[in-house]
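Student: Full structure from sequences and hints, please.
Chain by chain, the residues run as shown.
There are 2 protein chains.
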Amino acid sequence: MNDATTLSFEALAKRIEAILRRAGLSDLHAGAVSRVIAVGERDGAKSHGIYRIEGCLRTVATAKVSKDAVPALHDDGSAVIRVAAGGAFSPAAFELGAPVLAARAKDLGLAALVIHDCAHFSALWPEVEALTELGVAALALCPSYATVAPAGGTRPLLGTNPLAFGWPRPGLDPYVFDFATSVAARGEIELHRRAGRLLPEGWAVDADGTATTDPDAALAGAMLPFGGHKGSAISTMIELLAGAMIGDLTSAEALDALGTTTLIPRHGELILAFSPERFAAGRPGDPFARAEALFEAILGQGARLPSQRRYEARRQAATGGIALTGEEIAHLDKLLERGVDA
Amino acid sequence: MNDATTLSFEALAKRIEAILRRAGLSDLHAGAVSRVIAVGERDGAKSHGIYRIEGCLRTVATAKVSKDAVPALHDDGSAVIRVAAGGAFSPAAFELGAPVLAARAKDLGLAALVIHDCAHFSALWPEVEALTELGVAALALCPSYATVAPAGGTRPLLGTNPLAFGWPRPGLDPYVFDFATSVAARGEIELHRRAGRLLPEGWAVDADGTATTDPDAALAGAMLPFGGHKGSAISTMIELLAGAMIGDLTSAEALDALGTTTLIPRHGELILAFSPERFAAGRPGDPFARAEALFEAILGQGARLPSQRRYEARRQAATGGIALTGEEIAHLDKLLERGVDA
Numbered sequence: 001m002n003d004a005t006t007l008s009f010e011a012l013a014k015r016i017e018a019i020l021r022r023a024g025l026s027d028l029h030a031g032a033v034s035r036v037i038a039v040g041e042r043d044g045a046k047s048h049g050i051y052r053i054e055g056c057l058r059t060v061a062t063a064k065v066s067k068d069a070v071p072a073l074h075d076d077g078s079a080v081i082r083v084a085a086g087g088a089f090s091p092a093a094f095e096l097g098a099p100v101l102a103a104r105a106k107d108l109g110l111a112a113l114v115i116h117d118c119a120h121f122s123a124l125w126p127e128v129e130a131l132t133e134l135g136v137a138a139l140a141l142c143p144s145y146a147t148v149a150p151a152g153g154t155r156p157l158l159g160t161n162p163l164a165f166g167w168p169r170p171g172l173d174p175y176v177f178d179f180a181t182s183v184a185a186r187g188e189i190e191l192h193r194r195a196g197r198l199l200p201e202g203w204a205v206d207a208d209g210t211a212t213t214d215p216d217a218a219l220a221g222a223m224l225p226f227g228g229h230k231g232s233a234i235s236t237m238i239e240l241l242a243g244a245m246i247g248d249l250t251s252a253e254a255l256d257a258l259g260t261t262t263l264i265p266r267h268g269e270l271i272l273a274f275s276p277e278r279f280a281a282g283r284p285g286d287p288f289a290r291a292e293a294l295f296e297a298i299l300g301q302g303a304r305l306p307s308q309r310r311y312e313a314r315r316q317a318a319t320g321g322i323a324l325t326g327e328e329i330a331h332l333d334k335l336l337e338r339g340v341d342a
Numbered sequence: 001m002n003d004a005t006t007l008s009f010e011a012l013a014k015r016i017e018a019i020l021r022r023a024g025l026s027d028l029h030a031g032a033v034s035r036v037i038a039v040g041e042r043d044g045a046k047s048h049g050i051y052r053i054e055g056c057l058r059t060v061a062t063a064k065v066s067k068d069a070v071p072a073l074h075d076d077g078s079a080v081i082r083v084a085a086g087g088a089f090s091p092a093a094f095e096l097g098a099p100v101l102a103a104r105a106k107d108l109g110l111a112a113l114v115i116h117d118c119a120h121f122s123a124l125w126p127e128v129e130a131l132t133e134l135g136v137a138a139l140a141l142c143p144s145y146a147t148v149a150p151a152g153g154t155r156p157l158l159g160t161n162p163l164a165f166g167w168p169r170p171g172l173d174p175y176v177f178d179f180a181t182s183v184a185a186r187g188e189i190e191l192h193r194r195a196g197r198l199l200p201e202g203w204a205v206d207a208d209g210t211a212t213t214d215p216d217a218a219l220a221g222a223m224l225p226f227g228g229h230k231g232s233a234i235s236t237m238i239e240l241l242a243g244a245m246i247g248d249l250t251s252a253e254a255l256d257a258l259g260t261t262t263l264i265p266r267h268g269e270l271i272l273a274f275s276p277e278r279f280a281a282g283r284p285g286d287p288f289a290r291a292e293a294l295f296e297a298i299l300g301q302g303a304r305l306p307s308q309r310r311y312e313a314r315r316q317a318a319t320g321g322i323a324l325t326g327e328e329i330a331h332l333d334k335l336l337e338r339g340v341d342a
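Going line by line, the protein sequences match chains A and B. For reference, each letter of the first sequence is one residue, going 1 to 342 in this note's numbering. For reference, each letter of the second sequence is one residue, going 1 to 342 in this note's numbering.
Be careful, since some hints might not be right.
Stretch-level coverage of chain B by chain A, calculated; a stretch enters the list once three of its residues show a Cβ under 8 Å from a Cβ in chain A [stated by the list, open to error]:
#1 44-56
#2 59-72
#3 142-152
#4 210-224
#5 273-281
Hints were generated in silico from the structure; no laboratory data involved. A virtual CB, placed ideally from N, CA and C, is assigned to each residue, including glycine.
Tutor: Here it is as structure tokens:
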């Protein structure tokens with residue numbers, strides 16, 4: 001086994017990009033997807049880091065994603081900006097739409113970006129964070145695969161449907177949260193299974209709809225929404241707004257379409273952007289300064305702001321590089337040489 | 001004690017309106033507030049029904065609300081419509097802004113209504129429901145009073161910050177949810193106190209920030225957000241968007257301003273409206289039909305849709321009238337004759 005290595009963000013991104021190009025992705029998509037993966041690794045979000053490359057390559061190998069569709073922006077001057085991803089991975093579509101979304105939000109106060117027909121590949125926090133850098137607050141939501149039962153139900157219907165929000169903090173890391181509306185991510189159940197540990201109560205039901213703490217039974221059954229009927233309602237709202245309303249697949253439809261959760265799902269995404277300056281215009285107080293007072297009050301009583309662990313990992317990566325084990329480096333080398341089986 | 005009585009919606013609303021007029025509210029506000037209270041009573045939401053009249057009268061008696069400010073609509077043609085409530089109760093401001101909001105959403109795809117400087121008096125579900133009747137989906141949020149500690153914190157800072165969503169179901173009761181982002185409403189803790197019952201675990205902390213199941217200790221301490229850090233993040237987002245961003249008070253500022261939770265709080269509200277037709281234009285499938293498939297799948301596995309109990313109570317009221325106890329009727333009579341002490 002090789003020794004551990006540290007890489008710069010750019011070096012890691014380039015290495016991932018080479019793997020994706022070798023798999024046949026166009027320059028545009030290899031670049032955009034590799035940046036998103038490198039960001040996950042850099043920020044210590046291992047489940048969104050290089051671990052994701054294989055799923056990406058599997059999806060390419062099964063021809064369930066376009067390798068080279070060029071995202072197309074449709075802007076009719078309204079509050080809704082659309083990017084047709086043409087069946088390709090989502091990051092390039094987001095990169096195309098984000099500046100237009102931010103500009104429209106600054107113009108109208110509020111705007112939405114819809115990404116249509118994408119193989120959805122990204123955590124939502126890099127996206128809302130990118131929008132805060134453009135000076136707007138952002139709320140992002142999308143369906144996923146039907147693996148979650150509605151509260152009171154027994155079978156998978158909803159996705160883990162992430163919800164992410166970002167608020168700009170000039171001169172500071174933005175306020176960003178991003179979480180699954182299931183009580184746990186599917187990967188966490190998988191980690192319990194591999195470690196031979198029981199799940200906490202309330203995470204899942206088995207295939208008969210009965211509460212279970214057995215990871216295998218949970219994976220064959222359904223996860224549960226966070227926060228009982230409240231989380232279930234929010235997850236349902238995400239299916240409605242970021243599925244039915246935008247004319248892209250719901251989580252149940254996305255699973256039907258591919259028949260497996262091991263490939264990157266094909267659906268859409270909805271991102272709302274708000275211009276605090278526009279909303280606050282003519283009102284007392286500066287919205288950013290008032291938000292800081294709220295954050296200080298949260299921190300002042302010993303509570304944490306979300307994303308702090310990511311920002312800390314990012315700072316460490318900026319000074320010391322991104323640390324990968326010898327095993328991880330060898331895995332990247334293998335993926336570059338041989339790809340994955342379909 | 002008098003016998004129980006049933007009243008029609010109109011008769012109950014008229015009776016409440018008379019009480020509010022006697023307290024000095026202008027026709028506009030007496031009408032709008034009485035409709036909201038009668039809706040709560042009609043729909044079996046007792047905590048938003050005639051029970052609320054006293055808090056309303058107390059707020060009037062202490063001169064913490066304008067009795068007659070005429071709400072003013074400000075529309076610059078952007079995606080943000082504003083109604084300045086001028087320190088009066090919120091329902092008249094909502095009634096003024098709602099049709100403009102729905103029309104703008106149909107024009108631009110997405111729009112926001114901001115209500116500024118109101119004594120916020122209404123559950124949010126009548127509002128999102130009214131918007132579904134105008135053909136748009138709606139998401140409403142507002143702060144309240146600082147009575148909830150952030151996850152990991154020890155002291156009240158966030159409000160019970162309600163979040164409500166509505167989706168039109170042509171020919172059917174809309175899909176509507178409305179819940180506090182605290183694990184329980186303050187009224188539920190009060191009910192436990194009166195009944196001499198302990199609270200469930202996880203509802204509250206005492207004044208030292210230690211978990212408690214004692215209702216008195218909880219009322220002197222802080223409630224907790226639903227769903228741990230996820231609910232806490234959503235509640236914080238509500239403070240940011242519907243407080244700091246719109247230039248109205250946060251929950252902490254609202255409590256500071258009045259110094260008590262027994263009066264109706266003075267803050268703003270943010271309501272987003274989405275036109276499903278506009279979002280779905282040119283996309284496969286009808287958004288409303290696709291939403292119905294989702295609702296059928298939820299119901300088909302024995303889970304419930306939110307608000308069904310309210311709709312059931314409403315149907316009963318439509319045929320049999322709204323049932324009030326003799327005690328409740330006597331209370332209404334007393335409020336009409338004598339009002340409340342400040």
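Student: Next, verify each hint and record whether it holds.
Tutor: Consistency of the hints with the structure:
As drawn, the segment 44-56 of chain B meets chain A at 0 residues by the rule of a beta-carbon pair under 8 Å; below three, the given contact is violated. Taking a C-beta to C-beta cut-off of 8 Å, the segment 59-72 of chain B contributes 0 residues in contact with chain A, too few for the three needed, and the coverage statement is violated. For a cut-off of 8 Å, the count of residues in the segment 142-152 of chain B with a CB near a CB of chain A stands at 4, and the three-residue condition holds. With 0 residues carrying a beta carbon less than 8 Å from a beta carbon of chain A, the segment 210-224 of chain B misses the three-residue requirement, and the given coverage is violated.
For the segment 273-281 of chain B, the assignment as covered by chain A holds, since 5 residues bring a beta-carbon within under 8 Å of that chain's beta-carbons and 3 suffice.
Figure legend: structure checked against the earlier numbered hints; hints not met, in rising order: 1, 2, 4.
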